[in-house]
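In terms of this note's numbering, the sequence shown opens at residue 14 and continues consecutively.
Think of the hints as simulated: they come from the structure by calculation, not from any bench.
Derived lysine to aspartate or glutamate pairs resembling DMTMM-like cross-links, with alpha carbons at most 25 Å apart: (1) K250 <-> E270; (2) K232 <-> E274; (3) K250 <-> D265.
Estimated spans, in silico, between C-beta atoms of each pair: (4) E100 <-> S187: 19 to 27 Å; (5) G108 <-> S187: 21 to 29 Å; (6) P111 <-> T277: 28 to 36 Å.
In this text the structure is predicted, and so the values were computed from the model without any measurement. Virtual Cβ for every residue (Gly too), placed ideally from N, Cα, C.
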Amino acid sequence: MQSANQITTSRSAASRRRRAIPSKKTECTRLCTGQKLRRIPLATKTDGNGATPVPSKLRLPRTLPRPVLGEVDLTSSHNHLAHIPPEYVREKLLGSLPSMRTSLAAVKCTLNSTRLAKAAQILANDIVSAYPPTHMLAIHGTASSSSNTQAVSLFPVHDIVFAAHCATFPVLPSSQPTTTDSTISVPIVPMRLPSPETFSILQGYLYTQQPSFLRSALKTPLEAEGDFLRLAAHAHKIKGLWANACLLGVVDDRVFEVVEEAWTRVLDAMQTASS
14 MQSANQITTS
24 RSAASRRRRA
34 IPSKKTECTR
44 LCTGQKLRRI
54 PLATKTDGNG
64 ATPVPSKLRL
74 PRTLPRPVLG
84 EVDLTSSHNH
94 LAHIPPEYVR
104 EKLLGSLPSM
114 RTSLAAVKCT
124 LNSTRLAKAA
134 QILANDIVSA
144 YPPTHMLAIH
154 GTASSSSNTQ
164 AVSLFPVHDI
174 VFAAHCATFP
184 VLPSSQPTTT
194 DSTISVPIVP
204 MRLPSPETFS
214 ILQGYLYTQQ
224 PSFLRSALKT
234 PLEAEGDFLR
244 LAAHAHKIKG
254 LWANACLLGV
264 VDDRVFEVVE
274 EAWTRVLDAM
284 QTASS
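Using the sequences and the hints given, assemble the complete structure.
Written as structure tokens, this is what we have:
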């Protein structure tokens, strides 16, 4: 939905801020541990130069189970909404989401160094100022064992959108965007996710509330049809988005319905490609 500003930060910097990250010990993770796996055979192939053949088996779960979640609780993150039904909050948000989405698409962020700062300076303009983001999420995965640095992608967000749709979304630091004549300052919050590369898809869905957006993003690419390795990469993408949705506790069943549809299609395509 909007471009992510790529920066690099030290592993130690990310470690000091891990308290803002929700626990991975969710019901979804426990379900995954014991589920049966499907073996999809891949014919062993060797190229003309005698290269090492690819693995003959790839193990994938038969299903991607839905997490068992309760309703979101806005008491800690938005106390003024504590006594308002979350469904009502989500319904009222629908009217603002298009303008919020437009605001995020117009965000241009400036960073003063390559190290992760505590706040981001967003260039102010009429579009952004109408619905300014409340936070900048610094999304990252697990640092490589061979390096002390890792890629971090910055995503401007409106806290209420995630808090209202995600039961285990962390309570973010209080934010009162500071505005000057030219910039808006918002806090940067590090967040580790299983699949940083698919966060933008999930964010896009939360801001559109359109299953068609998600179906389009998870549709098997035409060029992948019949290509087992490309299909496997697409399966990894679907599973990554599912893992993010589980970890954040997305309460919208439509997300998991679309994921299930996409997962079934890609498994069938992989089975056909490997036969």
